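> Sequence:
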Amino acid sequence: MYQTTITGDGLYHTRSNGYGSEIELFAATEKGETPMSLLLIALASCVTMCVQSYFKREFDREDLKVDIQANYDGSSFQLSILLTESLSLEQKASLLAYVDTYCRVKQLLSTDVPIVIDFRGDVND
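Quick note on our numbering: the sequence shown kicks off at 331 and runs consecutively.
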């Protein structure tokens, strides 16, 4: 289970208290990270960690540098992975299958996710 506490302390501004450093979010990227940019960061980070895990499993490599350029254009996510190692077509296919299997953020984004919203207690609490 994952959990966080969000505080809205100004118009279009939130702070989170989760598992580490506080995360501050804004409505516009000119001011800092937004909910959508954080989602993009989560996806790209999850894919990066899956690539690292794949190289550990397949090649016993723990020191692989992975760079990912990630974009969201309003309708789709695009990720471009840059590795310092060359991979065959079969290895690339295997790596992408590994990401499909183990990247939980990608799995969530690639299917419809029901969202339930309710109020607990008095609205003015």
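Calculated directly from the structure, the hints in this document are not laboratory data.
All figures in this text were calculated on a predicted structure; none of them were measured in a lab.
Cβ atoms here follow ideal geometry from the backbone N, Cα and C, with glycine treated the same way.
Some clues are possibly wrong.
Said to hold, decoys possible - Restricting the straight-line Cα-Cα distance to at most 27 Å, the calculated cross-link-like pairs of lysine-lysine (DSSO-like) are:
hint	residue 1	residue 2
1	K361	K386
2	K422	K386
3	K386	K436
4	K422	K436
5	K436	K395
Unchecked claim - Simulated DEER-style distance windows between Cβ atoms:
hint	residue 1	residue 2	range
6	A358	R434	41 to 51 Å
7	F356	S418	16 to 26 Å
8	S418	T337	47 to 57 Å
9	S410	S440	13 to 23 Å
10	A357	S424	37 to 47 Å
11	E360	R391	17 to 27 Å
> The structure should be examined with respect to each hint, and the outcome stated for every one.
Quick rundown of the hints versus the structure:
1. Restraint check for K361 and K386: not satisfied, since their Cα atoms lie roughly 38 Å apart, outside the 27 Å limit.
2. The hinted pair formed by K422 and K386 meets the criterion: a straight-line CA distance of about 15 Å does not exceed 27 Å.
3. Only pairs whose Cα atoms come within 27 Å are accepted, and K386 paired with K436 is accepted, the gap being roughly 20 Å.
4. Straight-line distance between C-alpha atoms of K422 and K436 comes to about 17 Å, which keeps the hinted pair within the 27 Å bound.
5. Proposed proximity of K436 and K395 is supported: the alpha carbons are some 21 Å apart, at most 27 Å.
6. The hint said 41 to 51 Å for the Cβ distance between A358 and R434, and at roughly 29 Å that hint is violated.
7. For F356 paired with S418, a C-beta distance near 43 Å fails the hint of 16 to 26 Å.
8. At about 49 Å, the CB distance of S418 to T337 agrees with the hint of 47 to 57 Å.
9. The supplied range of 13 to 23 Å is met by S410 and S440, whose beta-carbon atoms lie about 18 Å from each other.
10. Range check, A357 to S424: about 41 Å between beta-carbon atoms, so the 37 to 47 Å window is met.
11. Range check, E360 to R391: Cβ separation about 39 Å, and the 17 to 27 Å hint is violated.
Of the numbered hints given earlier, the model fails hints 1, 6, 7 and 11; all others are met.
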